[in-house]
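Spelled out, the chains give:
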Amino acid sequence: MDKKLKIRSKNLNFYYSQFKALHDISLDFYENQATALIGPSGCGKSTFLRCLNRMNDLITGIRVEGSILIDGKNIYDPSIDVVSLRGRVGMVFQKPNPFPKTIFENVAYGLKIKGIKDKNLIAEYVEKSLRAGALWDEVKDRLNNTALGLSGGQQQRLCIARALAVNPDVLLMDEPCSALDPIATQKIEELIHDLKKSYTIIIVTHNMQQAARTSDITAFFYMGKLIEAGKTDTIFTNPALKTTEDYITGRFG
Amino acid sequence: MWFTQKKKEKFMHFAFFLVAAASVAALFMITLFLFLEGIPIFEKVGFTEFLFGNYWYPTSEPADFGIFPLIIGSLAITIISALISIPLGVMSAIYLAEIASARLREIVKPIIELMASLPSVVIGFFGMVVVAPILQDTFDIATGLNIFNASLMLAFMSVPTICSLSEDAVYNVPVNLKEASLALGATQLETIFKVTLPASISGISTAVILGMSRAIGETMVVLMVAGGAAMVPESIFDPARPLPACIAAEMGEAPYHGDHYYALFAIGIVLFVFTFIFNFVADYISHKYKQTGDATL
Ligand SMILES: Nc1ncnc2c1ncn2[C@@H]1O[C@H](COP(=O)(O)OP(=O)(O)OP(=O)(O)O)[C@@H](O)[C@H]1O
Ligand SMILES: [Mg+2]
Chain V
1 MDKKLKIRSK NLNFYYSQFK ALHDISLDFY ENQATALIGP SGCGKSTFLR CLNRMNDLIT
61 GIRVEGSILI DGKNIYDPSI DVVSLRGRVG MVFQKPNPFP KTIFENVAYG LKIKGIKDKN
121 LIAEYVEKSL RAGALWDEVK DRLNNTALGL SGGQQQRLCI ARALAVNPDV LLMDEPCSAL
181 DPIATQKIEE LIHDLKKSYT IIIVTHNMQQ AARTSDITAF FYMGKLIEAG KTDTIFTNPA
241 LKTTEDYITG RFG
Chain G
1 MWFTQKKKEK FMHFAFFLVA AASVAALFMI TLFLFLEGIP IFEKVGFTEF LFGNYWYPTS
61 EPADFGIFPL IIGSLAITII SALISIPLGV MSAIYLAEIA SARLREIVKP IIELMASLPS
121 VVIGFFGMVV VAPILQDTFD IATGLNIFNA SLMLAFMSVP TICSLSEDAV YNVPVNLKEA
181 SLALGATQLE TIFKVTLPAS ISGISTAVIL GMSRAIGETM VVLMVAGGAA MVPESIFDPA
241 RPLPACIAAE MGEAPYHGDH YYALFAIGIV LFVFTFIFNF VADYISHKYK QTGDATL
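Respectively, the protein sequence lines represent chains V and G.
Just so we're aligned: the first sequence equals residues 1 to 253 in this note's numbering.
Just so we're aligned: the second sequence equals residues 1 to 297 in this note's numbering.
I should point out that these hints are in silico values taken from the structure, not numbers from a laboratory.
Keep in mind that this is a model prediction, so the values were computed, not measured.
Any given hint could be a false lead.
To be verified - The calculated DSBU-like cross-link candidates involving lysine-lysine, where the alpha carbons are at most 30 Å apart (straight line), are: (1) V:Lys117 / G:Lys178; (2) V:Lys112 / V:Lys73; (3) V:Lys117 / G:Lys194; (4) V:Lys20 / G:Lys178; (5) V:Lys20 / V:Lys117.
Unchecked claim - Under 10 Å between C-beta atoms, here's a sample of chain V residues computed to sit facing chain G: (6) Pro100; (7) Lys101; (8) Gly110; (9) Ile113; (10) Lys117; (11) Cys159; (12) Ala163.
C-beta atoms are modelled at their ideal positions from N, C-alpha and C, and glycine is treated no differently.
Required output: the full structure, derived from the provided sequences and hints.
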């Protein structure tokens, strides 16, 4: 592969107290590619995704073994600054979670956190991010209305725009379309396609077509283990393992 | 069969109506009585003279019925106690909900809630016997029974309620909002002040209101520790005679249907109007900040 390595997960084990949720995960992610994580419910996709920006740190009693290298640096190294890591690895959640603030404030939040004070600059970035999130045209006349008044699909695109505003390198998306209708889903899929040009994207999805449409690489998880990973085309047309094929074709017990 | 059932139902409706009507009527009678017994004083003393008069000498000849010093005493104590109790209560709530470990929270929360049930006379006693001498010694003042002591004791009464209810509000802010903030690279403190607090402001204002309403009409504590002097105070270490304390202290010795008696009821009216305004404003504030739903679909 001629792409540049961005993230390398090396022999990652993850425990919720006594429960081992991830077994020895080794997986690489490349710049300007979208990687889809698929697998049945409870197999550890979200857990793995949340390891990548250390969101799991919020849960008490967790334990991590192995390493995750981003740009060659282990993010579980004690010297790493988690706050700045999360600034570089953005996340979009399954359920849209806009702040109960105005649309403008939602996007400006991350910019202000970063210490940008210039009002014009903030306004400029907000517009840029909302355009990148394919939401600008729908909200440009009501930036000062509450974000909670938006539809679910608009809220989710707002959350994407909000994540883009802080200019991360990596975008993690945990079932970003699971609460959306087909049209909103299509919009977000198109968006992912565009975003790939500038970001490393990792998307968790239960929708096989979505994985096939949006991703370059697909990784199949089952019971906390990485079963198979490879080019999306190959995984969907010619998987190496029977388990993968059963899951993809919906013949799963 | 259904006929008797319906009759029973009707009877129950009526019974409930009677009970509800009785309590409303009783409250109305009390208010009416308060005004009937208070208003006659204004035949003797003008309305503004009563409210803004500087001298309260109800038993001298001729008597003075100016309650300005009492009003100032009440206001000063209420405001200072709010200045102490609101930051203290809210900050400890934030600590318990967001920073303290789950175990510490489980231990401390019930203790704080228990403190809310301390009888006011006990708090007054504590202020008199423990706090007053300490104040007297450390600040070298004439008496430890003063505005500051009373404010402190009232704050002591409000903090548990403010803390406990605010803690509920802060704790109940959806995790996904906090996660959204942290995922954008905000620190824990930034998340608390920019997301968690604004999202729980409705609950916190309700907590503040309920906590303060326990202090605002409080009689026993101010009677015991405010010092009782009916003068316009010049510092927070001056004694004061708040409205409720004045009524409680003097009602027993005021001759029935005398001027003093009417004046005390008029003080009751003023106090009633104060609490009414407080509740009105409080209601307005807590409605204003009412959050319009969680960010769901
Ligand atoms: N906070 C937690 N504490 C303990 N166990 C957890 C926690 N979160 C998840 N788990 C467990 O870890 C395993 C993996 O969960 P995870 O949420 O990663 O699954 P998932 O693949 O994202 O599933 P879904 O597709 O349903 O979202 C599950 O067995 C789950 O019960
Ligand atoms: Mg999940």
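Tested hints:
1. V:Lys117 / G:Lys178: holds, 23 Å
2. V:Lys112 / V:Lys73: holds, 27 Å
3. V:Lys117 / G:Lys194: Holds: Lys117 of chain V and Lys194 of chain G sit about 16 Å apart, inside 30 Å.
4. V:Lys20 / G:Lys178: With Cα atoms ~26 Å apart, Lys20 of chain V and Lys178 of chain G stay inside 30 Å; holds.
5. V:Lys20 / V:Lys117: violated, 44 Å
6. Pro100: holds, 6 Å
7. Lys101: With a closest approach of 7 Å, the Lys101 of chain V hint holds.
8. Gly110: Cβ of Gly110 of chain V sits 4 Å from chain G, so the hint holds.
9. Ile113: holds, 5 Å
10. Lys117: Violated: closest Cβ of chain G sits about 15 Å from Lys117 of chain V, beyond 10 Å.
11. Cys159: Result: holds, 7 Å to nearest chain G Cβ.
12. Ala163: Hint holds; Ala163 of chain V Cβ to chain G Cβ min 7 Å, cut 10 Å.
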